[in-house]
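Trainee: Sequence:
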Amino acid sequence: MDITNALPVECISHIISLTTPGDACRLAVVSPVFKSAADSDLVWERFLPSDYKLIISNSVSSSSLISSLSKKDLYFHLCHHPILINNGTMSSAVEKQTGKKCYMVGARDPCIEWGSTPNCWKWTSTPESR
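Numbering follows this note's numbering, in which position 29 of the sequence shown is assigned residue number 29; successive positions increment by one, without gaps.
Note that these hints are calculated values from the structure, not bench results. Any given hint could turn out to be false.
[Claimed, not checked] The list that follows gives simulated cross-link-like pairs (lysine-lysine, DSSO-like), each with its CA atoms no further than 27 Å apart:
1. LYS101 / LYS35
2. LYS101 / LYS122
3. LYS96 / LYS122
4. LYS35 / LYS71
5. LYS71 / LYS122
6. LYS101 / LYS71
7. LYS122 / LYS53
8. LYS35 / LYS100
9. LYS53 / LYS35
10. LYS96 / LYS53
11. LYS96 / LYS35
12. LYS100 / LYS71
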């Protein structure tokens, strides 16, 4: 019995959404029905962080990402292109394998004890560090 004939695409999509992003990509090459199911927004919405809309709306750049990309394309965009948040002092990305949120805090963002005292702390720019 062929599973693609026995189950509706929505059911296959739901099953795939319970796996991982890597599994979904691998399952997309099994058959045209699996590709349709694995590429669906239902699947990739589950892989995105639950608060991805809030994160994007707080970004420094345009929040047109939500409406202009499919959920799969948005997922991979957030994996490869971190967005600036918190007035540009932090960046947010999605970890490709797991879909977990990754934050990077800029060096000047944390409150450092005696950070404004020149005797204790001095910011220097080192061009070779880039």
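Trainee: Hint by hint, note whether the structure agrees.
Mentor: We went through each hint and held it up to the structure:
As the CA atoms of LYS101 and LYS35 are separated by approximately 26 Å, the hinted pair is consistent with the 27 Å bound. Distance hint between LYS101 and LYS122 is unfulfilled; the C-alpha atoms sit about 32 Å from each other, more than 27 Å. With a C-alpha separation of about 36 Å, the suggested pair LYS96 and LYS122 falls outside the 27 Å cut-off, and the hint is violated. Among the hinted pairs, LYS35 with LYS71 is consistent with the structure: their alpha-carbon atoms are about 15 Å apart, no more than 27 Å.
Between LYS71 and LYS122 the CA atoms are separated by roughly 44 Å; this puts the pair beyond 27 Å, and the hint is violated. Among the hinted pairs, LYS101 with LYS71 is consistent with the structure: their alpha-carbon atoms are about 16 Å apart, no more than 27 Å. A threshold of 27 Å between alpha carbons decides the hint, and for LYS122 with LYS53 the separation of about 38 Å lies outside it, so the pair is violated. Between LYS35 and LYS100 the alpha-carbon distance is near 24 Å, which keeps this suggested pair within the 27 Å criterion.
Between the alpha carbons of LYS53 and LYS35 the distance comes to roughly 26 Å, so the proposed pair stays at or under 27 Å and holds. About 18 Å separates the Cα atoms of LYS96 and LYS53, which keeps this hinted pair within 27 Å; it holds. Between LYS96 and LYS35 the CA atoms are separated by roughly 19 Å; this keeps the pair inside 27 Å, and the hint holds. A threshold of 27 Å between alpha carbons decides the hint, and for LYS100 with LYS71 the separation of about 15 Å falls inside it, so the pair holds.
Checked against the numbered hints above, the structure breaks hints 2, 3, 5, 7 and satisfies the rest.
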